[in-house]
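Residues 39 to 667 in our numbering are what the sequence shown spells out, letter by letter.
Check before you lean on any hint, since a few could be wrong.
Stated by the list, open to error - The list that follows gives simulated cross-link-like pairs (lysine-lysine, DSS-like), each with its CA atoms no further than 25 Å apart: (1) Lys568 with Lys480; (2) Lys210 with Lys596; (3) Lys346 with Lys520; (4) Lys562 with Lys479; (5) Lys63 with Lys202; (6) Lys578 with Lys480; (7) Lys202 with Lys403; (8) Lys210 with Lys346; (9) Lys210 with Lys403; (10) Lys342 with Lys63; (11) Lys596 with Lys479; (12) Lys578 with Lys596; (13) Lys342 with Lys596; (14) Lys410 with Lys202; (15) Lys342 with Lys403; (16) Lys479 with Lys403; (17) Lys562 with Lys346; (18) Lys596 with Lys480; (19) Lys346 with Lys63; (20) Lys410 with Lys562; (21) Lys479 with Lys520; (22) Lys63 with Lys105; (23) Lys568 with Lys578; (24) Lys578 with Lys346; (25) Lys578 with Lys630; (26) Lys562 with Lys578; (27) Lys403 with Lys578; (28) Lys202 with Lys105.
Don't read these hints as lab results, they were simulated from the structure.
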Amino acid sequence: MVQYAWMIPVLPFIAFLLVTFVTGKAKMLSAIVALISVALSFVVSVILLYEKFVDPGRIEYAVNWLKLSSTGVFKGLDLQMGILVDPLAAVMLFVVTFVALLVMLFSIGYMHGDEGYSRYFAYLSLFAFSMLGLVLANNYFQMFVFWELVGLSSYLLIGFWFHKPSAADASKKAFITNRWADFGFLIGILLLFMQFGTFNFGELEASISSSNAFAFITMAGILVFIGPIGKSAQFPLHVWLPDAMEGPTPVSALIHAATMVAAGVYLIARGYILFASSDAVMQTIAYLGGFTALFAASIALVQKDIKKILAFSTLSQLGYMIMVLGVGSLTAGMFHLTTHAFFKALLFLGAGSVIHALHEQDIFKMGGIRSKMPLTTWTFVIGALALAGIFPLAGFWSKDEILLAALNHQFTGLYIVGTLVAFMTSFYMFRLIFVAFMGEKKSDHHAHESPWVMTLPLILLAVFAAFSGFVNSPLFYDLSGKSFGTLIFFREAEIPHVDMTVAIISTLVSLGGILTAWLVYSRKIVDPSKVAERLSWLYKLLYNRYYIDDLYGWLFNKIMMLAGRFFDFVDHYIIDGLFDGMAGKTRAAGEKLRLAQTGVLQNYALVIFAAVVLIMMLMYIPVLGGGVK
39 MVQYAWMIPV LPFIAFLLVT FVTGKAKMLS AIVALISVAL SFVVSVILLY EKFVDPGRIE
99 YAVNWLKLSS TGVFKGLDLQ MGILVDPLAA VMLFVVTFVA LLVMLFSIGY MHGDEGYSRY
159 FAYLSLFAFS MLGLVLANNY FQMFVFWELV GLSSYLLIGF WFHKPSAADA SKKAFITNRW
219 ADFGFLIGIL LLFMQFGTFN FGELEASISS SNAFAFITMA GILVFIGPIG KSAQFPLHVW
279 LPDAMEGPTP VSALIHAATM VAAGVYLIAR GYILFASSDA VMQTIAYLGG FTALFAASIA
339 LVQKDIKKIL AFSTLSQLGY MIMVLGVGSL TAGMFHLTTH AFFKALLFLG AGSVIHALHE
399 QDIFKMGGIR SKMPLTTWTF VIGALALAGI FPLAGFWSKD EILLAALNHQ FTGLYIVGTL
459 VAFMTSFYMF RLIFVAFMGE KKSDHHAHES PWVMTLPLIL LAVFAAFSGF VNSPLFYDLS
519 GKSFGTLIFF REAEIPHVDM TVAIISTLVS LGGILTAWLV YSRKIVDPSK VAERLSWLYK
579 LLYNRYYIDD LYGWLFNKIM MLAGRFFDFV DHYIIDGLFD GMAGKTRAAG EKLRLAQTGV
639 LQNYALVIFA AVVLIMMLMY IPVLGGGVK
């Protein structure tokens with residue numbers, strides 16, 4: 039099936055063209071075209087994943103796209119468009135196509151009646167094409183092209199309801215923030231090309247492994263890592279992701295929880311040799327990821343919007359993934375990416391089901407949903423338990439893999455941070471559940487269960503959220519001789535292992551978070567409003583996201599806009615003034631000189647005659663004065 043891997047991204051692109059130019063006026067047909075294209079891509083991805091599981095290997099093929107010969111100091115340029123299929127790509131292809139398929143199915147019901155129905159499915163198809171092309175890229179340059187297309191798709195989907203000022207602002211915020219990160223990414227890959235003469239991942243791995251230019255590799259690694267800081271929303275470029283919740287909720291599930299934001303994690307895994315070759319880069323990645331995990335989890339503790347809670351949860355879990363990649367475990371990072379894609383997509387779609395029924399996003403205006411929407415409620419609970427890392431659900435296996443990796447690689451501080459984040463995660467997720475799903479109604483909402491096109495994806499994702507973690511469990515390894523660690527490996531395979539001390543501590547911590555949320559928000563032994571009032575400074579600090587968005591707004595309005603006005607003045611009044619002034623003087627001189635061009639022949643003859651007389655007088659004045667012998 040490897041020879042047909044190119045079909046995986048091409049099929050959604052064909053759907054994008056068909057929906058845009060052919061079926062746009064037929065809304066349901068547009069949805070079906072998009073759904074069928076991703077379904078076919080999913081089928082090919084499943085077969086490809088099976089083949090790579092049976093025979094892990096790296097297969098690559100490419101065609102020349104642009105070739106420039108070397109001349110003088112110019113070393114030449116050889117750009118290729120190719121496909122790289124290995125177990126890492128196969129797993130990512132499966133995750134992207136599976137989640138995209140379920141999100142599109144869910145969207146048929148969620149977006150029903152929307153005026154932009156066909157446009158929505160066109161954008162989703164464009165995103166699927168871009169993300170799948172990014173996964174299959176065999177070189178940094180091609181990945182950067184699809185990286186930017188993913189950013190474009192995100193911009194279009196965040197601002198899908200562009201008539202809302204908040205959505206338009208959020209899309210611009212996401213686009214501008216990612217441009218800062220992408221600039222660093224681009225500079226990094228250009229430096230790699232200048233040093234090693236190639237963008238190809240395999241060739242760069244060989245060159246970097248044999249290189250002694252450690253300072254250069256560190257600098258290039260940091261610059262390339264700036265790309266994932268933006269795309270995977272790590273501090274300090276995290277500010278765009280919570281605002282991206284202005285897009286339709288299925289978009290949040292697909293792009294801002296399961297796939298696009300994971301592109302940064304995938305990039306680090308794909309070029310892992312670059313980052314692993316420098317201890318400074320690895321430590322930067324590890325500690326920045328750990329800080330982001332703790333930072334975002336603390337903000338999620340006090341949020342009221344159901345999608346904002348899940349958004350900051352996503353930030354925190356992405357920090358987990360980045361942290362463990364920096365710690366030195368590629369297996370744990372990609373394993374958590376995979377399991378997180380399933381249970382976080384489930385949670386976002388569950389939130390979408392609630393929003394679709396209640397037309398409300400404030401959890402404190404919900405309550406009593408369990409009796410009216412039982413299927414949505416219990417699938418959401420499964421997703422929350424998986425996210426909290428409760429045995430034996432998927433999050434338990436991947437979260438413990440992260441904590442164990444931190445301990446094994448002597449990052450004790452990050453292990454403590456990871457454990458604390460586990461407590462915070464279980465607390466804020468079950469705060470959401472006890473407030474929104476349990477108890478009594480807190481407003482006059484009319485909750486009702488969603489149609490089957492929305493509940494079926496919830497059920498399927500709940501199954502994966504419950505059982506997908508077993509692919510990296512000792513039991514699965516004993517039965518098959520293979521595991522996620524032997525499929526996704528770097529340098530040597532990582533055999534699944536459960537450290538009972540780590541597992542028991544993390545489980546007790548997570549259960550402690552759930553118990554605390556139950557005591558506060560269900561049993562009400564403490565009034566959270568009074569706690570927030572007594573610690574108002576801390577509550578406001580967390581609720582307002584540490585005022586970082588306000589700081590950026592001030593810097594933009596006071597510094598960047600001031601600098602913009604200064605350069606605008608320089609451009610218009612100095613640079614343009616200089617050249618416009620020169621042009622004005624030239625024009626004025628021309629206006630004067632044109633007076634000599636009367637078009638009357640007698641005037642020209644008179645001027646010539648006068649000039650001849652003047653010249654003769656100048657020649658003979660010295661003779662008359664005796665100056666010439």
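(message) Check the hint pairing lysine 202 with lysine 403 against an upper bound of 25 Å on the C-alpha distance.
(response) Between lysine 202 and lysine 403 the Cα gap is close to 23 Å, so the pair holds against 25 Å.
(request) Compare the distance between the alpha carbons of lysine 346 and lysine 63 with 25 Å, and conclude whether the hinted pair is satisfied. (result) violated (34 Å)
(message) Tell me if the straight-line CA distance from lysine 568 to lysine 578 falls inside 25 Å.
(response) With a Cα-Cα distance of about 14 Å, the restraint between lysine 568 and lysine 578 holds, given a limit of 25 Å.
(message) Please verify whether lysine 63 and lysine 105 have alpha carbons no more than 25 Å apart.
(response) violated (42 Å)
(message) Against the 25 Å threshold, does the CA-CA distance of lysine 63 and lysine 202 hold or violate the hint?
(response) holds (23 Å)
(request) Measure nothing beyond the straight line between the CA atoms of lysine 410 and lysine 202; if it is 25 Å or shorter, mark the hint as holding. (result) Violated. Lysine 410 to lysine 202 sits at ~30 Å, over the 25 Å cutoff.
(request) Quickly compare the C-alpha distance for lysine 596 and lysine 480 to 25 Å and report which way the hint goes. (result) Violated, because 42 Å separates the two Cα atoms, which is more than 25 Å.
(message) Checking one constraint from the list: CA of lysine 342 to CA of lysine 403, max 25 Å. Satisfied?
(response) Within the cut-off at roughly 9 Å; holds.
(request) For the pair we were handed, lysine 210 and lysine 403, check the Cα-Cα distance against 25 Å. (result) Not satisfied, since the Cα-Cα distance of roughly 30 Å exceeds 25 Å.
(request) Verify the proposed pairing of lysine 578 with lysine 346, using a straight-line Cα cut of 25 Å. (result) holds (16 Å)
(message) Next pair to validate is lysine 479 with lysine 403; report whether the Cα-Cα distance is within 25 Å.
(response) Holds, at about 8 Å.
(request) Would you mind confirming whether the straight-line C-alpha gap from lysine 562 to lysine 479 stays at or under 25 Å? (result) holds (16 Å)
The earlier numbered hints that this structure contradicts are 3, 9, 10, 11, 13, 14, 18, 19, 21, 22, 25, 28.
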